[in-house]
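Visitor: Residue-level listing of the chains:
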Amino acid sequence: MTDHHPTPRPEEPEDIQKRNFIKTLTVAILGFITFFLTQPFVTYLFPVAKEGTKEKFIKVPNFPAIPLETPTKMTFEYMDVQAYITSNVIYDVWVVKHAADKASVYNPLCTHLNCRYTWVGSHHEFMCPCHGSIFNINGKVVGGPAPRPLDTLPYKIEGGELYVHWELFKAGIPQKLEI
Amino acid sequence: MSKKKWLHQIKDWVDERTGLIKAGAEFLHEEIPGGTRFSYTLGSACLFLLTLQIVTGIWQLFYYVPTIDYAYSSLNYLRLQVPYGWLIHGIHYWGGTLFTIVVGLHCLRVFIWGSYKKPREMVWLMGIVLIILTALFMFTGPVLPWDKNGYWAGQVGIGIAGTVPIVGPLTQMLMQGADKMGQMALLRMYVMHVALLPGAIALFVILHLVAFRKYGESGPWDKKKRGGVGYFWPEQIFKDVLVSLLIFLLLVYLSAFHPAPFSGLADPMDTLVTPKPAWNFLFLYQLLKLKIFSGPFEPLGTAGIPTLFILLFASLPFVDKSPERNPFKRGFVVLSGFAFVGMILYLTWLGYSYTSPAVAAQKEQPNRTMVTLHHKTQPPMDLQETMLLANANKKLTGKKLFHTLGCTECHTITGKPSNKQGPDLIMAKSNNRTRAWLYEQIVSPQSHNPRTIMPPFSDLSHKNVELLINFLDGLKAPKTAALPPPPPASTAGGTAAGKAAAIKYGEQLFNTVGCTQCHTIQGRPSNKVGPDLIIAVKKSNPSKDWLKTQLTDPQAHNPMSIMPSFSSRLNDTQMNAVIVFLKSLSTRKAVPLPAGVTETSSSNTSSSSSFSSNAVYATNIIGDKDHGAILFHQSCIMCHGPHGNPKTPGFNAPKGVPPLNPIDPHIFNADPQAFVDHINTFIQHGAPNIEGGPKMPNFGDSNALTQAQIADLEAYVLSLNGVDRTMIMNPGIQPKVFFYTLLWITSVIIMLAAVYWFVIRTLKI
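So the protein sequences, as listed, match chains A and B. Going by our numbering, the residue at position 75 of the first sequence is 539; the numbering climbs one at a time, nothing skipped. Going by our numbering, the residue at position 536 of the second sequence is 970; the numbering climbs one at a time, nothing skipped.
Just so you know, the hints here were simulated from the structure itself, not pulled from any lab data. Even for Gly, the Cβ is constructed at its ideal location relative to N, Cα and C. Incorrect hints may have been included.
Okay, the calculated bits of chain B under chain A, using three or more residues with CB under 8 Å as the criterion [said to hold, decoys possible]:
hint	region
1	490-504
2	1173-1187
Pulled a few chain B residues facing chain A out of the computed Cβ check, cut under 10 Å [unchecked claim]:
hint	residue
3	S507
4	I522
5	Y665
6	P668
7	V675
8	S678
9	N1164
10	I1167
11	I1194
Here chain A stands alone, though its shape is the one from the complex:
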């Protein structure tokens, strides 16, 4: 872009050798800096998951008070920690209490396509509003496209209180596959 005509470069073999050497070294140093930064910059994007003190079973309050053999939607809070943000997440489950120490706990998502089903007391059935899947009180499919029964969640009852282990399962397949 300079205005005057370029001066011809010296073309002695020694000059060319020197120029090539410098070119190689320049590219090598730039490559080295780039290479040395690449690994940190990529690793940086994969933060080490903090070993959470994830409690396996979380208390679902109010269990002693709910009626027997009546599906009840119950909610519980759980502290969710992600990086620097701690937030309270509210989960819900369907609980059918059979006795003071016995219950069925269902994941609230339909096994068909993860819509939220609900208990329709007048029909005595769980019904999904999306595609009309129907389950009986035991979670068995009695109608609609659902490929498998409602997903039960592991629970334990200690001192009369209900503790649930929250899990999610893959929708739309006949197998109960945790994700």
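Guided by the hints, dock chain B onto chain A, whose structure is given.
Guide: Below, chain B without anything else, positioned relative to chain A:
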């Protein structure tokens, strides 16, 4: 050969359609009169640093959030928990500083060489725009961590902008986006720093480069040296790359060995911080302190001086018009230039070493509670040293002593009940203490009350104790000291109205005779030495006789009680009224909390933190241990002793105070987060007393300390036990190891290259 041909074909194909290859070749081909030089590498060093800033800046955005409650935690997460976060943040932090320096050197080089002269005036002017943009980057960047340093730097900077006549208030409003420094200001600084300024600087760098290439490097001023010709590629670029490599090594070194400070979460409530701008602006900050810029001439300093500087720079090529470039023949211009640079450096140094105006006003202040953030090396002094200093100082007054020895930590002098532990000292005048009693209380408070939590000021010189007593004597007695008259006899008797009148009279007496110094009537625990009486009466439902004994001879119930006897201050009628009032408390409801205050965040709104978000909780904040040391000196030393060791010789520790240095092994944890979680409970919620000693106050619940301050204190207590709150949990590779590896590989590459060159050139193999 076939491979090369194939490569050429691709090149030609691309070039035919884009012209990029030829443009690139043309860009690389540039002749440099007089040959290549290391002094010409400064411009490309700027470009290298700018590239690093852009990449590391973008990378930080993967974790950083610009909100006042999470900005600091997100940055700390990035620095301590994310692999190589320390490196990416470190390069950006130090890169900005280095960029400012290199830009300055680049500008100076151009100035000395006279390269701004015709026909390169426009290149110079665009350079000035780039310097202004750099200044704006360095102004907005430090605010983003929302730590103490950044918060105050922003506050001062925006304040300076606000004083500019006419446009000032508008500029301030634009920068803050609200009536004060807060979320909107942070967001605006953020948008400037990551969107507007990068766009502007990219544009002007391109303009600067294109304009520069029109005439190229100006070369040496000496005609004799201009003979030969050097080439930009590869010779000059090689030198540029060598310098960039050195800069890169320096950046990694600084990131590994001198990480950015953790100055604690921004805390507008914290009065111990000296507001200072970022170091780049210290010269301006210092200049504005000149007397001529006070008062009506302030805008002249805030607006006038920067404008003057910019105009001076911009007019240089048009004022200094002679084509002479030899600096030795441009004596006046070059010397003025150097004088200017010298002045800037000198002012920067003054600004750097300047202690805050607050400190200057209290030069005699012995306990150095006002330390500047930029002077972190000042260790906190213990009480003994403080008193020695106070004794050595001859200009002290009782009032100053009162304010500097830490008395205000527990006492107020407002004449009103407060939430502090000790009594308000104007209200306490109703106790009619003698000078001798006060002397004893200051020098050896345990002799009046073995359980008192007041520290002995036994090392204070006789003269200074007298000064303090003079000060206390001089305090105006409260107007309400006169006891209220009893209700008219007509209302006495068994009627309901009579009873209500008696209770009311008792309450009036209670409020005037001094009970409120130690007790509250609110139905909630308080910071006071004595219990809240609604709680106490409801709990134990004392009989009238018990209450009477408690009022006349409190030590009969508890030999260790510090409660004074009221037998000489209240006559029988008055005493009975107070007892009736106290009995009535069993049915009294708790005083409702002020609106917006929840039980956990305490009743004391006067000192409440300006943060209400749950995100801002001490354990989630990386505190500043140096600042924590100062706070410790103010709030904790009287019980826990100097440096957390109550067994320090010469320190008269109250009973049952646990040592913090070393701390109980059950509380200790090598993991900083777990350790902090353990001690946090005590600082937030307090703890019951041990062996009849003082109880630990609830500094968090009572808002006596802000969450940011508690975080600082926690960092300090950890440091006393050898645990670093700022420990990098996931470094990737340990910073120092990373640097040494880099240095080692670099040396090997350079050595191999040198050997190779020696072999093929000298030995001609």
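Visitor: Determine for every hint whether it applies to the structure shown.
Guide: Hint check:
1. A stretch counts as covered by a chain when three or more of its residues have a beta carbon under 8 Å from one of that chain; for the region 490-504 of chain B and chain A the count is 4, and the coverage holds.
2. Only residues whose beta carbon comes within less than 8 Å of a beta carbon in chain A count, and the region 1173-1187 of chain B has 5; three or more means the coverage holds.
3. At its closest, the beta carbon of B/S507 sits 4 Å from a beta carbon of chain A; the interface hint therefore holds under the 10 Å criterion.
4. The restraint placing B/I522 at the interface with chain A holds, with a minimum CB-CB distance near 6 Å, inside the 10 Å limit.
5. The interface hint given for B/Y665 is met, as the beta carbon of that residue sits about 7 Å from the closest beta carbon of chain A, less than 10 Å.
6. Hint status for B/P668: holds, given a least beta-carbon distance of 4 Å to chain A, under 10 Å.
7. Hint status for B/V675: holds, given a least beta-carbon distance of 5 Å to chain A, under 10 Å.
8. For B/S678, the suggested interface contact is upheld, since its CB lies about 7 Å from the closest CB of chain A, less than 10 Å.
9. Because the smallest distance between the Cβ of B/N1164 and any Cβ of chain A comes to about 5 Å, under 10 Å, the interface hint for this residue holds.
10. Interface restraint check: B/I1167 against chain A, minimum CB-CB distance 8 Å, threshold 10 Å, status holds.
11. For B/I1194, the suggested interface contact is upheld, since its CB lies about 7 Å from the closest CB of chain A, less than 10 Å.
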